[in-house]
Amino acid sequence: MEFVLAIGIGVLIGSGVFLLFRPRTYQLIIGLSLIAYGVNLFIFSMGRLKIAAPPVLASGGPVNPADYADPIPQALVLTAIVIGFATAALFLVVLLVSRGLTGSDHVDGREPN
Amino acid sequence: MGWMDHLVIVPVLLPLVTGAMLLMFDERRHRLKATINVVSTILLALVAVSLLDIADTPTAANKAAAIVYLLGNWPAPFGIVLVLDRLSAMMLVLTAMLALPALIYSLARWHKSGPHFHTLFQLLLMGLNGAFLTGDLFNLFVFFEVLLASSYGLMLHGSGPLRVKAGLHYIVINLAASSLFLIGVAMIYGVAGTLNMADLSVRIALVPASDRMLLDAGAGILGIAFLVKAGMWPLGFWLPTAYNAAAAPVAAIFAILSKVGVYALMRLSPLLFGAGAGDSTGFGDSWLLVGGMATMAFGIIGVLASQAKGRLAGFYILISSGTLLAAIGMANAPTTAGALYYLVSSTMAVSAFFLLIELVDRVQDPAANVLAVTMDAYGDDMEEEEAEEEVGVAIPATLVILGICFASSGLLLAGLPPLSGFIGKFAILTAVFNPNGLTQGSTLSLSTWVFAGLLVVSGLAAMIAITRSGIQTFWAPIEGRVPRVLLMEIAPVAFLLTLCVGLTVFGGPVMRYMEQTAQSLHSPGTYIEGVMNAPRVPPPAREAAP
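Chains A and B are the protein sequences, given in the same order.
Sequential numbering of the first sequence, starting at 2, is according to the working numbering.
Sequential numbering of the second sequence, starting at 34, is according to the working numbering.
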């Protein structure tokens, strides 16, 4: 399972970085989103992978911490998702403004030639 | 727990509430929004100054000179904390002192040239204050995002193709850096199991050797995120273009944005990788030193090469960041003390310079500049609007006053006596040349000589560049038309320059404060103890059951 997750994160971030080096604004926003997904998975994996383990303690009875997943990375991921979503929306607006002002979707606002 | 104990959270709450409140009013009610914003910023400045006073006077209850505010009353490593110590108090005051002039300046014209200026401005202040106050790495990320998100909006304030283009680059680079920030934070959490800065500092020494590499990788990635914000050499090419494109008051408040990255490094480098960090002691210091010096060299070349004054100021920010990064890389308390003084002085000077640029540029080609600004702001059919706007007192003897302000900000930027730029550089140089105190002789390394040389040459380069643009502006025009400058526009510049004069006159007390700050940064024992042992507020006594 670690292997699959590692490959997944690697593919997401690798494709994201590739797209980030492309000259079109649409490629940039897709690249940034892919990187954000990869990073979110990465944060999640830093709490160690456990299957079918709840992050919230059950009430009553003795508690064995080994039965539970680490809740902090999950909380961090939630925050990161919200922030990433908001910044992506903001970037989308700027992208459209740039497209409208310059008539080009090149990051420099004009075609290379 | 009296209301004074809650003062620590006011610098975060006050701008948040004001910013949210300003959203309720219609855009057309400029005057009301401006008044609310100014009142709130003045309140913020007062709070920041009183927090500085609290941080500087250790009491019996507060020996560590660090006030810890437990959010939600959870004990330190489990809950999120706000920590007020000398460094954060100083940065709060600096933020407020930059915010006030930038805001007043914007009221002359700029605040009307786009929607939600006042809201974004307050949210930017909230992000800055929060980043300076927080004692938790993830919370630092959140406040970074708050300040960046509002800076994206402010960067585009006034619109126009140039701003949108520079803003697009600025946003992409900062979003990518935020991803690095998250990766770094997650790796550090994965190894150390905590995100509280004080707790991390304790646990890093205990990390087993097998995990050490992962920890260093995490810290390195986190450091790169900070260095992107600070504009270190291979990561800082975006900075001059972005700052040049921003509207004058926005650029003036942006002067502190690059210092947020510097602040984070200044706080975390000695705390996490100071003397008590086991095998990781001194991690990254040589990188900071070399990178800082490379940034200074790049900034020097850029300052000499730039024609537009806005770019000149942008490259000067790179020089100032480079100086600070190299000084952090030296990793000793006296150099840090000098660097802190230099940070305050150079940030205020460059902020004043950004405000001044727009006024001075009106001398050169007033018609073109006014037209350019108007077209930037409104499109090209707004001639009447311009006439209606010129309300307020125009100052007499404009050229003399502009010239004096320009010359003094030049002195400050170049670091020449008698103003505070000189004292900052002098303090850094003294500390660098006498690492063991004044009396003991000590051998100096090559990097020390290179750093000192670059520091002196950077002053020379700034002086050459500013003299050149001063001559072009004030002496070269033949039919010198006196520009129209409002009192509201020149007063903020004068305010910032007066603060720099104040820094010079009260150099002794200020330097003492900086030395104490540097001492506590480099021996973080009291900071850690203060955070980890912060007392919880006892719950209110329950009424006895009947």
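Any given hint could be a false lead.
[Unchecked claim] Rough simulated footprint, nothing fancy, chain B against chain A, three-plus residues with beta-carbon under 8 Å:
(1) 3-12
(2) 33-42
(3) 55-67
(4) 95-107
Hints in this document: simulated from the structure, not taken from any laboratory.
Predicted, not measured: the structure shown is a model, and the values here were computed from it.
Ideal placement from N, C-alpha and C gives every residue a C-beta, glycine not left out.
For each hint, the structure was consulted:
Residues of the stretch 3-12 of chain A lying with their CB closer than 8 Å to a CB of chain B number 0, which falls below the three-residue condition for coverage. Counting residues of the stretch 33-42 of chain A whose C-beta sits closer than 8 Å to any C-beta of chain B gives 4, which meets the bar of three, so the coverage hint holds. Counting residues of the stretch 55-67 of chain A whose C-beta sits closer than 8 Å to any C-beta of chain B gives 0, which falls short of three, so the coverage hint is violated. Residues of the stretch 95-107 of chain A lying with their CB closer than 8 Å to a CB of chain B number 6, which satisfies the three-residue condition for coverage.
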